[in-house]
Amino acid sequence: MAEASTVLRRLSPLATQNTVSIGFLPPMTRITLRGEPDAARRVGEVFRAELSPDPLRANAAGARAALWLGPDEWLLLAPEQAGLAASIEAACDREHGCVIDVSHRQVGIEVRGTAGATVLNAGCPLNLDLKAFPVGMCTRTVLAKADIVLWRREPELFHVECWRSFAPYVLGVLKQASRDCGF
Amino acid sequence: MNAPFRTPTGGRVDRGATRRFSFDGRSYDGLAGDTLASALLSHGVHLVGRSFKYHRPRGFLAAGSEEPNALTSVNRGGGRVTPNLRMTQVELYDGMEARSQNHWPSLAFDVGAVNGLMSPIFAAGFYYKTFMGPKFMRGPGLWAKLFEPAIRRAAGLGVAADEGDPDVYANRFVHCDVLVVGAGPAGIAAALAAGRAGKQIILCDEGAELGGALLAEPKLEIEGRPAAAWLAATLRDLAAMPNVTALPRTQAFGYYGHNLVALAERLTDHLPGVDTTVPRERMWQVRAAEVVLATGAIERPLVFPGNDRPGVMLAEAGRVFLNRYGVKAGSRAVVATAHDSAYRVALDLQAAGVTIAAIVDLRERPTGPLVEQARGAGLRIVTGGTVMGTKGHWRVSEATVAHVSGDHVTDLQRIPCDLLLMSGGWTPSIHLFSQSRGVIAYDTATEMFIPGKAVQAQRSAGSCRGLFGFADVLADGYAAGLDAAGAAGGDAPALGDKAFAVRGDDAYGPGGFSGALPISGDGARAKAFVDFQNDVTAKDIKLATREGFRSIEHIKRYTTTGMATDQGKTSNLNALAIAAKALNEPVPAVGLTTFRQPFTPVTFGTFAGMSRGQMFDPVRQTPIHDWAAAHGAEFEDVSLWKRAHYFPEPGEDMHAAVDRECRRTRESAGLFDASTLGKIEVAGPDAAEFLNRLYPNSWTKLGVGRCRYGLMLNEAGFIMDDGVVGRLAPDRFHVTTTTGGAPRVLNHMEDYLQTEFPDLKVWLTSTTDQWAVIAVQGPRARDILLPLIDDVDMSAAAMPHMAIRLGHICGVPMRLFRVSFTGELGFEVNVPADYGRAVWEAIWSEGRAYDAVAYGTEAMHVLRAEKGYIIVGQDTDGTMTPDDVGLGGMVAKQKPDFVGMRSLTRPFLTGEGRKQLVGLLPDDDAIVLDEGAQIVDRAEVPNGTHALGHVTSSYRSGVVGRSIALAVVERGRSRMGETLFIPMPGGSIPAKIVSPVFYDPQGERLNG
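Top to bottom, those sequences are chains A and B.
Residue numbers for the first sequence follow my numbering, so the first one is 1 and each next one is one higher.
Residue numbers for the second sequence follow my numbering, so the first one is 184 and each next one is one higher.
These are computed hints drawn from the structure, not numbers from a lab.
Treat the hints with care, as some may be off.
No more than 25 Å apart at the CA atoms, straight line, and that leaves these computed lysine-lysine pairs for BS3-like [said to hold, decoys possible]: (1) B:K402 x B:K681; (2) B:K884 x B:K1078; (3) A:K145 x B:K825; (4) B:K1175 x B:K1050; (5) B:K825 x A:K175; (6) B:K884 x B:K1076.
What the simulated footprint calls covered on chain B by chain A, stretch by stretch (three residues with Cβ under 8 Å from a Cβ of chain A suffice, anywhere in the stretch; the number is not a length) [said to hold, decoys possible]: (7) 347-354; (8) 949-959.
Glycine residues also receive a C-beta, built at the ideal position from the N, C-alpha and C atoms.
Sequences and hints are given; from them, build the entire structure.
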């Protein structure tokens, strides 16, 4: 009995020594582009990060990143910079696409640590195994009852984007989930 | 320790670790590793509960999760009460407080037992018969006074906790290559094989220890080692594989589509004290590429009169209590069986010192090694036997057995005993397989239902597919694990099948019985139980067939057999066999009912997870929320948003606050946080054409810098949303929606764009959360804003009503709408959300000079109702057209098409008698009508009076100086001046139909 129960404790996923840290990111400039490939190409030149047509992939160039969210939709993230949205809008041919500044619409949350995927999986039904959701993958998905955009920046670093009014809930879910996972 | 039925050695309990507990207030001790059931049995306690309907004394039937009788309520303090736990699964911890259930006033003296005397009345379908029986039975008096209380008392097991549950519950979504359900020999072998193949494996088992049947096999040897040592070593091997997650105390309770299997993991219930740092239970929602079901088999009871007395037990349960827990379930046993496996039980018990009074074998000529061993051990065997009945009130004291030949029963004999072990053979546990929609097959050779064709990526292994004997089961599990690993795809090392050398494996001969044992006499009062938990007897099932039920699905519902929380684990096969015999049909022709989730009961907390209290739903707050809270606002929920409802000053109630907010807004100005309004940016060269097709009014001619009110219709022509749309540029519109309608409208637009209008170059972006919106309404609105804005000409001439301008306020970018939902001069300031609070405070500061107020949603409702402006969803109900609400003029006559256009021409929408929006003034100007109240044309209202409509909005209006209401009334616009009646409990209230515009009917104040 004693021997078997030791084995069982070691088998329990709760016993593993994992870490996670969760916190809001500083304000960023956020821009959505909806439009045709040509518009994406032109915007990418100004943004200095290509808007890749590869589905569910984020193209990071330095601190900037262009996240593919749909066949005609990208989310551009950059350190806060006045005038960036205007210059990108100017670059976009309005016949072929539409650029909107949504810097204030969203909040970024960082989930970092070996248990980040496990914590996210408390509310996100996707397979976050590194093989199934590799570094650079991004998607719209849900976290419990909130819509989020999830982007894996590093093996143990996720960037979560959500609408600002959902941010307290999203952070609350992640914090509760990290407690539920024993952190 | 005085536990007279504990063996001196053996079992997996820790004899050095005493666990004290109480049951029904009496103290006992047990050992670490005990269940509540084994600990009570070690003290000879068999009476542990009362049955559901007849309140008969009940004991333990089983040793595992299939237990139907021995349900307990465990109280962990502070509201942590869990009823209906199976004592056979409750792990003992020090200080446990457990109680029996379903009796009053006590377990030994239960008033409800009188139901047993009335059993001829409470027969199958009693509930339905109270509706259908003779008139005296259907009378309201009998129903209210007798039947309903009786049924309510009987219905439901245990008592729910009456306090909030303080525990936390967790959820986890997980994907794996192979999910193995059940960690008995088949499951462990499957996990071993799939694990060696390098796949991601989850192995779960409902038990506290992994091992299943191996935990009760002291004599078995596997690969040269005792089964326990082999098990420990194998679990160590599995633990060493990083790709294997093994979950004990984890019940796979539901099998859903696309290989989604739900598991409930019990994390803390087995621990003493309350560990608040860990969730109590965790739901695992497993998406498995491949599933191995290794769910084992459940022993079948025999159906004979008195088979439910405490001390009557499934045979293998007696063996598990002995071999796993070191507990003898009695001292003198009768073993009744139709299967060889019970001989093993008799031999083990005899070796432990239990007297085996007789083995009663239903078979005429049982043969085989186990039978020979029993004979060799000198055990008395009654072949061709049956059990006619039992005696003993709190516990079985005697079994009446007999010999059956044909229809005759001879050689009746009474055998004293304190334990009656029974075995009708084994029923493969195909619950999860059935839930997965797999096709169930009937094996005529073994008379077993087994898994047939799987319809999901899944296979069954071991006893759950009818294999018995450990060598076969282990090899089958291993092969299933390899098969699953191969099917899961990817690279896998080539592993061959594996045979497991097993010694001490008893071979079974043919056997098994389902149905009711033959008894003498008509058995009119005999209670031979089929479903122990729902108290369904063999007689009930026969009665149902006599009353014309032929489908097993109907018999199940009529008799409630198999419908208790145990999901018919021990009863389904016997019920089916009895019905088949009564209907004179073969068993497979009658068929099996579908098994349902959950396999065992799951707590509500596990389903709720973290969705409780503040986390039940997202609580959306505007950027101005904290300011409103600091200024004393009361909030109301509007969809997921918290909105300021009103801002009471000291001493004010809601009515006074709303009255002041409305008055000051009309006299000077009011500030309103409209940030929750839905906002959608519609952009692209075809944006105007898109809006043309979507809205009933025309957008082509709307100039840049101008706004228009839009009603959005669905395909049926009914109003689904409304809002103001501003044209920012020839190719760009700022569309607003109702607070609750934003996601619906965006989906509606996106849906049409993608499916109906793919030719249009239009792109949609939700900007609801991008903009904070501050409405400044009232004659002083412009004066308040002027000092803060220097790049927009706000004069009436330059910026008329329904204009939109881009500019800056307090130095931040702004979209300024001149719009009004109050009928006053008004503006709505849109600024990026992070600036919302600062801009609001700046406007508020300016407003102080004019004694402006902040107003909430209640004042907003009153102000708009005074003007007859509708609120979609309040004054409309999903069946209103533009004409119904007096906005028929907005519908363009010249457009080729728009969403809902054809529907608007349907006769029903154009005919007479449509309900139309009107105003309503009660004759008594102090009466505020109830919203939702019906409207009729007469003061006296006999039954069947036709309702002409109902009140949709009703308020006390300060500016009108009386109560006002909006209503929808048949042909309302042709009834101006008519008096109609609102029937209320205190009498009908007369009210006059008037125009819905109560204030400033010319609309002059808008143009200030």
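Do the hints match the structure? See the list:
no., hint, verdict
1, B:K402 x B:K681, "22 Å, holds"
2, B:K884 x B:K1078, "13 Å, holds"
3, A:K145 x B:K825, "17 Å, holds"
4, B:K1175 x B:K1050, "17 Å, holds"
5, B:K825 x A:K175, "22 Å, holds"
6, B:K884 x B:K1076, "15 Å, holds"
7, 347-354, "holds (count 3)"
8, 949-959, "holds (count 6)"
Going down the numbered hints, you'll see the structure goes against none, and every one checks out.
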